[in-house]
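A.B. asks: Since the structure of chain A is already known, use the hints to place chain B on it.
Which chain is which? The protein sequence lines are A and B, in order.
Take the first sequence: its letters are residues 811 to 1302, numbered as in the numbering used here.
Take the second sequence: its letters are residues 87 to 423, numbered as in the numbering used here.
Honestly, the hints are just simulated from the structure, not real lab data.
Bear in mind that the values here come from a model prediction, so they are computed numbers and not experimental data.
A hint or two may mislead.
Keeping only pairs whose Cα atoms sit at most 25 Å apart, straight-line, the calculated BS3-like set for lysine-lysine is [stated by the list, open to error]:
id, chain 1, residue 1, chain 2, residue 2
1, A, Lys1125, B, Lys371
2, B, Lys405, A, Lys1155
3, A, Lys1135, B, Lys371
Some chain B residues close to chain A (C-beta under 10 Å, calculated; not the full set) [unchecked claim]:
id, residue
4, Met276
5, Ala279
6, Ile280
7, Ile284
8, Ala286
9, Val287
10, Pro293
11, Ile299
12, Asn304
13, Ser314
14, Ala411
Calculated from the model, a selection of chain A residues having no Cβ within reach of chain B, i.e. all distances over 10 Å [to be verified]:
id, residue
15, Glu870
16, Met910
17, Leu919
18, Tyr989
19, Ser1119
20, Lys1135
21, Thr1142
22, Glu1158
23, His1166
24, Leu1168
The beta-carbon is built from N, C-alpha and C at its ideal position, and this holds for glycine as well.
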Amino acid sequence: MSLVLREIRKSYGRAEVLRGVSLGAGYGQVVAIVGANGAGKSTLIKILAGAVPKDSGDLELDGRPLELKGPRDAIRQGICTVYQELSLVTELSVAENLLMGVLPKRRGLIDWSAARARAKEILTSIRFDAIDPAAKIRDLSIAKQQMVEIAKALVSKPRILVLDEPSAVLSGSDLDSLYDLVVQLRDQGTLVLYVSHRLKEVLNLADRVVVMKDGQFVAELDPKEATEDDIITLMAGRQIEAIYPERREGSGVPTLTVGRLTRVGEFDDVSFQLRSGEILSIFGLVGSGRSELVETIFGARRPHSGSISIGGVAKRFNAPANAIKTGLALVTEDRQRTGLVLGLKVCENINLATMHGLLLSMASRRFDSELMINKLSIKPERCRNMEAWQLSGGNQQKVVISKWLLTNPSILILDEPTRGVDMATRVDIYQKIDELAVTGISILMVSSDLTEAVSMADRVLVMRNGRVVKELDAARTSEDEVLAYAIGGHYV
Amino acid sequence: MCKINPVEKTPLPTRFVTIQRGRLEVAGNDVTMHFIQFLVVIALALIANPLTNGVFFTANNFTNLMRQMTTTGLLSLGMLFVILAGGVDLSVGSIVGFSAIIAAGATVNWGFPVWVSFLLGIVTGACWGLISGSLVAWFKLAPFVVTLAMMTFIRGLIYVYSEIAISTRAIPSFTALGSAVVFGIPISTMIMAIFFVIGAVFLNRTPLGRSTIAIGGNRETVRLAGISVEKGIITTYVISGICAGVGGIMLASRLGNIQPSLGGSHELDAIAACVIGGANLAGGKGTVQGTVMGVLILAVMNNLLSLRNVEPYWQWVLKGMIIIAVVLLHSRSQKRG
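Same shape as in the complex, but just chain A (with noise of 0.2 Å):
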């Protein structure tokens, strides 16, 4: 065993994140490390990256004792890890990205062409040479420069490589690269510990799974017999009968209309109508115009051209105050940029959008946040007066949930509502979007899960650059069908 974790334990404040945490690893493995949101994944990688320290425990390194004192000793030990948030220098090229502190100098000066070929070298040896070594990394889409934060880590050749939801953000080829180097760099005799939601990739890609539950390891599966079920009920520690909820029955009137809505280079002459207690989804890939769409339905941004009616009725929302009034909510795409303030406690945060009058009651912002936690079961339960960076990426998904439905609102726009969130806090939300729909609700729901976005909803809008090129009655397509009106194909 290279890799030796020994009843690791830690804490932050209160909550006991992880409680005794013990694994054994050897080099040449792909380990694939599975858990709902808040059992404790992030913490153990960040502990490895010795950017958090441990509370107790043993770590243990070929034999000898390790001891992380900082990132930098975790570096230096051979341990490399990709985290889920980027950490590249946007307004610098991928080589200085790349080569960050070991830039080839030349009389004391930046080598510049030798550093560019250096980092072509690196892209090329690891197969991700569709990547311009000149290129900005603000001018990349979001899977390359995810493409360019794995391949910095690999160029400190590490032995020891901690990819976090690497597959996150990637689609199509992409993932397919990834998914070779992963295998490459396994058969080189790198010791991979792999963290995802994807249960398909990681029974297809580890060698090993290892299931974390409330800060512990509670399974060990072997991917070849193991099925994506066993993994769920191990995860929610129950039975998981059905991922999506049954479909509901009808749909009432008309509640939202857009008509030919145009935002110059974003979307183009998008109309739909959407009902009461109907779930439409909106299915694209990234960069086809879905969030800014949602954005200028909401009044977060202004349309160009086009219009929107609600319950008949035009509106024009100069602010997204005025579309709250009439009753919309948006649950932003990206929770820690757009849906929480961090620094705040949970329960500010749940009441951040209904705050009204003069003074405000502090018991009955008790009680809401109370009631919310409660009826979402956001974990821990007595998070009310943590602060929302706290709790795990799936309960903050829940705290800004929580948010917008204390605004009762009649038609609930959820923009990606599950990403980076774990199958069991999935199946909550899904059933939480699903009552709600029951109750007359309208929900418009934006998604880049194929499966989501066919099994939650009614109908599918499919875009593609900007512009709406499909709907489909949700119970009678397949995802081969949207996904092939999506990337423009034609589905026979």
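C.D. replies: Using the frame of chain A, we list chain B on its own:
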């Protein structure tokens, strides 16, 4: 519509005061930092007494100390709001000077009634805040740059109005506010205390106050929650301007002789008090209680050093060191994880 069924209330944390893992919590709020600040004030006061041969703990000195901290206190309160919303207001020192000189000038040169002059000083303070705030909020200019320019601009206007000091000593009603003392407590300090109470209520209990903190934490989230970020930001600068205006009036009334240089570098003391009080210059973090502590720490220290007849330059050196020390203490006690 979304139906929310009432659920049974979950039991709230049972104990009012808890100490856990080195953190002191009262009613679920982490007050470790305030406790440390409180200890610093007590420690300063305790060493102050022997160092000043008992002069520190005299009623006379306390009256003096309170009077001295009034203006800094008001400026710090206003500054806190600006800092909370993610800004900084460098113009408050100049506003103090402007309000003071305009109030004195209005009384002495124009013959206005004293209360009208005072009101004029406060209203002009609010106006300067409105201008700074609008430039920051609507034109998205950097607060540092806007208020730096305002600082220079307003100071220039003061000298344009009067190159020489204006004396109001001959008008007793003008100096009454600054000199009146009830039960050993200066009226001006009581007014400051009232401002602090109003400030705390505003910050903790009103939607606008809460959104101020949220704006400093994450502007975009607040905007999407249907709250006007611009209104919030402008409000903080107006509050800061009003506080500076009132502070200027108090100072003018106390001194009775208003130099055009009055209030210079006061903005730095105000920022220091906020920072010592635990406010984060990046915005989103800070409390009124902390700021009170910050003001107290600065005031006690100044008082102590003057009583010891320490040269002003050494006072600056020591002040700088104390600021660093207290802020270091905070960052150690606040370390996440």
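A.B. asks: Just want to verify: glutamate 1158 of chain A was marked as not at the interface with chain B; is every Cβ pair farther apart than 10 Å?
C.D. replies: violated, 7 Å
A.B. asks: Measuring from the C-beta of methionine 276 of chain B to each C-beta in chain A, is the shortest one below 10 Å?
C.D. replies: For methionine 276 of chain B, the interface hint is violated, since the closest Cβ of chain A sits about 24 Å away, which is over 10 Å.
A.B. asks: Return the status of the interface hint for isoleucine 299 of chain B: holds when the least beta-carbon distance to chain A is below 10 Å, violated otherwise.
C.D. replies: holds, 7 Å
A.B. asks: Does the claim that lysine 1135 of chain A lies off the interface hold, with its Cβ farther than 10 Å from every Cβ of chain B?
C.D. replies: violated, 8 Å
A.B. asks: Against chain B, does leucine 919 of chain A hold up as non-interface, every C-beta pair farther apart than 10 Å?
C.D. replies: Per Cβ check, leucine 919 of chain A is outside 10 Å of chain B; nearest 33 Å; holds.
A.B. asks: Was the hint right that serine 314 of chain B lines chain A, CB cutoff 10 Å?
C.D. replies: At 7 Å from the nearest chain A Cβ, serine 314 of chain B passes the 10 Å test, so the hint holds.
A.B. asks: Does the no-contact call for leucine 1168 of chain A survive, Cβ to all of chain B over 10 Å?
C.D. replies: Violated, since 7 Å does not exceed 10 Å.
A.B. asks: Verify that the Cβ of histidine 1166 of chain A lies farther than 10 Å from every Cβ atom of chain B, and report whether the claim holds or is violated.
C.D. replies: Non-interface label on histidine 1166 of chain A violated, nearest chain B Cβ at 6 Å vs cutoff 10 Å.
A.B. asks: Hey, does glutamate 870 of chain A actually stay past 10 Å from chain B on C-beta?
C.D. replies: Non-interface label stands for glutamate 870 of chain A: nearest chain B Cβ at 23 Å, farther than 10 Å.
A.B. asks: Would you check whether the claim that serine 1119 of chain A is not at the interface survives, using Cβ distances to chain B and the 10 Å cut-off?
C.D. replies: holds, 20 Å
A.B. asks: Given the hint that lysine 1135 of chain A pairs with lysine 371 of chain B, does the C-alpha gap stay at or below 25 Å?
C.D. replies: violated, 29 Å
A.B. asks: Are the Cα positions of lysine 1125 of chain A and lysine 371 of chain B separated by 25 Å at most?
C.D. replies: Roughly 37 Å separates the two Cα atoms, so the pair is violated.
Comparing the model with each earlier hint shows violations of hints 1, 2, 3, 4, 5, 6, 7, 8, 14, 20, 21, 22, 23, 24; every other hint is respected.
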